[in-house]
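So the protein sequences, as listed, match chains A and B. Here numbering that gives the first Met the number 0 is used: the first residue of the first sequence is 0, the next is one more, and so on. Here numbering that gives the first Met the number 0 is used: the first residue of the second sequence is 0, the next is one more, and so on.
Keep in mind that a hint or two might mislead.
Stated by the list, open to error - Which chain A residues stay away from chain B? Per the calculated CB distances, all over 12 Å, these: (1) 14; (2) 17; (3) 20; (4) 21; (5) 24; (6) 26; (7) 30; (8) 34; (9) 42; (10) 46.
Stated by the list, open to error - Distance condition first, Cα-Cα at most 27 Å in a straight line; then the derived BS3-like pairs of lysine-lysine: (11) B/117 / A/77; (12) B/117 / B/82; (13) B/117 / A/73.
Note that these hints are calculated values from the structure, not bench results. Ideal Cβ positions, reconstructed from N, Cα and C, are used throughout, including at glycine.
Now for the letters of each chain:
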Amino acid sequence: MTRQQVLDLYFMDARCKLIELAAFLDRVDRATGEADFRLAAFRAALGGLASDETGRAAGVLRSFSDPTDQPIEKATVKGAVGAWPG
Amino acid sequence: MRYIEPHGHMVSRTTDDYLDMVTAGCAAVCEPAFWAGFDRSSADGFHDYFCQLTEHEPRRAARYGLPHYCWLCINPKESEDVKLAEDVIALIPQFLDRPTVLGIGEIGLNKNSRNEVKVLEQHVDLAARHDQLILVHTPHLEDKLKGTRLILDVIKSDSRIRPGRVLIDHVEEHTVKSVLDRGHWAGMTLYPISKCTPARAIDILDVYGGERLWMNSACDWGESVPLAVPRTAFEMRRRGWSAEAVDRVVFQNPVRFLSQCPKFKLPE
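Please put together the full structure from these sequences, using the hints given.
See the structure below:
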């Protein structure tokens, strides 16, 4: 695909998602109480979007990931929350 | 258009979904054993589930002219209880000769615990002893990267396992390369929120080629779209993929991998 074709097909969708991100951060700002580790992880991942290098999607996914390499002692929950609590 | 749904939890879906899938060109559906959304209390529950997967569900699909195959295991979400897992694994051999059983799956990890790894090793051993194909579930979200690495190491450590007979499912941008580099097949799951969107799945195909990749809806009792594969095929066409190239990914690739099990046959 040409860059023009990519823009024709995906620009409006990406624009929509970008505004959703901005609105989400505004919503968090307006809310009360303390945020948990997910907000810090989210802000850290946002930094990767500004990179000039390709592979941004993989970078964002890695930034949310558990970076350790040993199995945990015991699974006490079944679900995942989207960011590693540390 | 024709396609294979290589990963759908049809016991959780309605017959309307079967009708929609067949109407959209689905030529076969494959159903890995899965977590029911709640923990089963004994191996007897799994015996009934394996009967459902190998007897009842193929009959339900056949009413829509759709071949239905399955994979058997205890899902990693229930692997923390090693005794239960061992009891379930002991049940599986009696089902392996059934005509629609393709192999062992979807095994893998969920929270990357020691017990989950132990049960994964037992499943891999079972597959090796019975010369079965393997379908692997990789963990969700923040657990996927680490879990994929652990899974690849477990499989590599069993020299009886041929990499080309293993499909590692739910890959994303940060895990696909390591899976393909080990010689395995990789599956991309098309989910509305987690895992891959259609656009990202096609990006991965653009970057890594479509040699050992397939796409699935993994439709189940949660947020999922049974027609995700044909919808993604439509998006591939919008992005300039030829009909033949789309067919290779959504039909020929699953057939190539699954045909390693001689029981996988499509109607003439």
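Tested hints:
Non-interface call for residue 14 of chain A relative to chain B: holds, since the shortest CB-CB distance, roughly 14 Å, exceeds 12 Å. At roughly 15 Å from the closest C-beta of chain B, the C-beta of residue 17 of chain A stays outside 12 Å, upholding its exclusion from the interface. No beta-carbon of chain B is positioned within 12 Å of the beta-carbon of residue 20 of chain A; the least distance is around 15 Å. At roughly 19 Å, the least C-beta separation between residue 21 of chain A and chain B is larger than 12 Å, which holds for a residue marked as non-interface.
Separation of residue 24 of chain A from chain B is adequate, the least Cβ-Cβ distance of about 19 Å exceeding the 12 Å criterion. Here residue 26 of chain A stays apart from chain B, with its beta-carbon at least about 18 Å from theirs, past the 12 Å limit. For residue 30 of chain A, the requirement that its beta carbon stay farther than 12 Å from each beta carbon of chain B is met, with the minimum near 21 Å. Remark: the non-interface label on residue 34 of chain A is consistent with the geometry, its nearest Cβ contact in chain B lying 17 Å away (cut-off 12 Å).
Residue 42 of chain A, annotated as away from the interface, keeps every beta carbon of chain B farther than 12 Å; the closest lies near 16 Å. With a minimum CB-CB distance of about 16 Å to chain B, residue 46 of chain A clears the 12 Å threshold, and the non-interface call stands. Restraint check for residue 117 of chain B and residue 77 of chain A: the C-alpha separation of about 17 Å stays at or below 27 Å, so the hint holds. Using a Cα cut-off of 27 Å, the hinted pair residue 117 of chain B and residue 82 of chain B holds, with the two alpha carbons roughly 11 Å apart.
Proximity of residue 117 of chain B to residue 73 of chain A is assessed by CA-CA distance (about 12 Å); at most 27 Å being required, the pair is judged to hold.
In terms of the numbered hints stated before, the structure departs from none.
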